[in-house]
Amino acid sequence: MKRFFNIFTYLFFTLAMISLNSQTYSAIDVYQFDSAEQEAQYQSLIAELRCPKCQNQNIASSNSLISQDLKRKTYELVKQGKSDTQIRDYMQSRYGDFISYKPPVRPHTYLLWYLPPVLLVLALAIWFWLVRLKSVDNKNADIVVDKQSELNIKEKQQLKDILNQYDKPDGI
Amino acid sequence: MVTKLNSKAMIFIIPLLIFLPVVLLLFFRLNQPAQVAINTATNQPLPAFELANLENDNITMSNKDLPNETFLLNFWGSWCIACSREHPFLMSLKDEGIKIVGVNYKDAPELAKQYLQDEGNPYLFNMKDEDGDLGIDLGLTGAPETFVVDDKGIIKQHIAGEITSKKWTTSIEPCLTALQQSDENQIEQVCQ
Chain A
1 MKRFFNIFTY LFFTLAMISL NSQTYSAIDV YQFDSAEQEA QYQSLIAELR CPKCQNQNIA
61 SSNSLISQDL KRKTYELVKQ GKSDTQIRDY MQSRYGDFIS YKPPVRPHTY LLWYLPPVLL
121 VLALAIWFWL VRLKSVDNKN ADIVVDKQSE LNIKEKQQLK DILNQYDKPD GI
Chain B
1001 MVTKLNSKAM IFIIPLLIFL PVVLLLFFRL NQPAQVAINT ATNQPLPAFE LANLENDNIT
1061 MSNKDLPNET FLLNFWGSWC IACSREHPFL MSLKDEGIKI VGVNYKDAPE LAKQYLQDEG
1121 NPYLFNMKDE DGDLGIDLGL TGAPETFVVD DKGIIKQHIA GEITSKKWTT SIEPCLTALQ
1181 QSDENQIEQV CQ
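So the sequence lines, in the order shown, correspond to chains A and B.
Following the numbering used here, the residues of the first sequence are numbered contiguously, the last one being 172.
Following the numbering used here, the residues of the second sequence are numbered contiguously, the last one being 1192.
Hints listed in this document are in silico derivations from the structure and should not be mistaken for laboratory results.
Computed from a predicted structure; not experimentally measured.
Even glycine gets a Cβ: it sits at the ideal position worked out from N, Cα and C.
Heads up, a few of these hints could be off.
Stated by the list, open to error - Dumping the calculated PhoX-like pairs for lysine-lysine here, alpha-carbon to alpha-carbon at most 25 Å:
no.	chain 1	residue 1	chain 2	residue 2
1	B	K1008	A	K139
2	B	K1113	B	K1099
3	B	K1113	B	K1094
4	B	K1166	A	K53
5	A	K53	B	K1167
6	B	K1094	B	K1167
7	B	K1152	B	K1099
8	B	K1166	A	K134
9	A	K102	A	K82
10	B	K1094	B	K1166
11	B	K1152	B	K1064
12	A	K168	A	K156
Said to hold, decoys possible - The calculated label-pair distances, taken between Cβ atoms and stated as ranges, are:
no.	chain 1	residue 1	chain 2	residue 2	range
13	A	A47	B	D1065	31 to 41 Å
14	B	Q1180	A	E37	35 to 45 Å
15	B	F1012	A	V121	17 to 27 Å
16	B	D1183	A	A125	29 to 39 Å
17	A	V121	B	L1111	55 to 65 Å
18	B	I1154	A	Y114	29 to 39 Å
19	B	L1026	A	Y90	31 to 41 Å
20	A	V105	B	K1094	43 to 53 Å
21	B	N1006	A	Y101	55 to 65 Å
22	A	P104	B	A1082	29 to 39 Å
23	A	Q55	B	D1131	38 to 48 Å
Looking at chain A on its own, in the form it has when it is part of the complex (with noise of 0.2 Å):
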């Protein structure tokens, strides 16, 4: 039972793997390039430049009409040596910045460049701050709880007392 639960299982998953490779892979076209650096940049390219139709997908996971049609564009671009700037203010000109998930950086578009690390610093400014306050309260506290350990003249002298009548050796 259990050896067919593992051979269940390992189908299973080798079947998964296969579907999704499948699915990753199902979008790319055959292109032929001059050299490596030009697949290199084609590939950089159509993983940044965003299907204008789908909802949120790149053009290199979509196979809709118009990703297949800017994949054939970006490779008439790279094969005419066209620098990736040149590419991408080419799509830039026909589709706005919507086209590329690296939008230029503009007044209208600081919020989102410069938002995230603001963000950041600000969290890391307030958890400095939350660590301080809490480290500072712990110092009070063990103040505190110094001051009441303090013993009084008569409870030292007990407490040596005590300690004495312990430490006596027991004579043997």
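Chain B: place on chain A using the hints.
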């Protein structure tokens, strides 16, 4: 004791203060269209093109063949279900005297011609954008999509998706009227 209480309260208050604007932002986005409107082509001249006529491959259509008056440039395909839903409305527009130029988008010419024979032809003429290059130049995202082009060949409106009677009465017809009256302020307001 007071600072301890404050810092404890802060642990709840700060995330809440960050969370609240997010909630408000998402709340006001409810029921808003999720599709991003791509309108980079508006107020730009129609890009230069040379495309074969759908009816006759030997005839090349270019910018100079376009009407010298305001017209609709409609991208369609026989494969596109939304286009066939839109088609009867385009036929009624033709009857009203609206000039429509068709761009047969990424289609098989035989199927396209058959489609026009079966459903009727609302177009002045059709050109074939088989590889979708004119589409890319116009920031097209699919079919059907329509552009309102004025008498100077400037794109005034980009309509994504099918033209419905609601879209017609609320945005397209007012734009055409404003263009007819050459009222610049009105054009800017209604043609978007």
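Now the hints, each set against the structure:
1. B:K1008 / A:K139: 17 Å, holds
2. B:K1113 / B:K1099: 19 Å, holds
3. B:K1113 / B:K1094: Judged against 25 Å, a Cα distance of about 18 Å means the pair holds.
4. B:K1166 / A:K53: 22 Å, holds
5. A:K53 / B:K1167: 20 Å, holds
6. B:K1094 / B:K1167: Distance ~17 Å between K1094 (chain B) and K1167 (chain B) Cα, so the pair holds.
7. B:K1152 / B:K1099: OK: K1152 (chain B) and K1099 (chain B) at ~15 Å, within 25 Å.
8. B:K1166 / A:K134: 62 Å, violated
9. A:K102 / A:K82: 18 Å, holds
10. B:K1094 / B:K1166: 17 Å, holds
11. B:K1152 / B:K1064: Measuring from Cα to Cα gives roughly 11 Å; hence the hint holds.
12. A:K168 / A:K156: 19 Å, holds
13. A:A47 / B:D1065: 31 to 41 Å: Hint holds: Cβ distance 40 Å, inside 31 to 41 Å.
14. B:Q1180 / A:E37: 35 to 45 Å: The hint (35 to 45 Å, Cβ to Cβ) is violated, given that Q1180 (chain B) and E37 (chain A) are roughly 54 Å apart.
15. B:F1012 / A:V121: 17 to 27 Å: At 21 Å between Cβs, range holds.
16. B:D1183 / A:A125: 29 to 39 Å: At 54 Å between Cβs, range violated.
17. A:V121 / B:L1111: 55 to 65 Å: Check passed, 59 Å falls within 55 to 65 Å.
18. B:I1154 / A:Y114: 29 to 39 Å: 36 Å, holds
19. B:L1026 / A:Y90: 31 to 41 Å: 34 Å, holds
20. A:V105 / B:K1094: 43 to 53 Å: For K1094 (chain B) against V105 (chain A), whose Cβ atoms are near 47 Å apart, the range 43 to 53 Å holds.
21. B:N1006 / A:Y101: 55 to 65 Å: 41 Å, violated
22. A:P104 / B:A1082: 29 to 39 Å: 33 Å, holds
23. A:Q55 / B:D1131: 38 to 48 Å: 26 Å, violated
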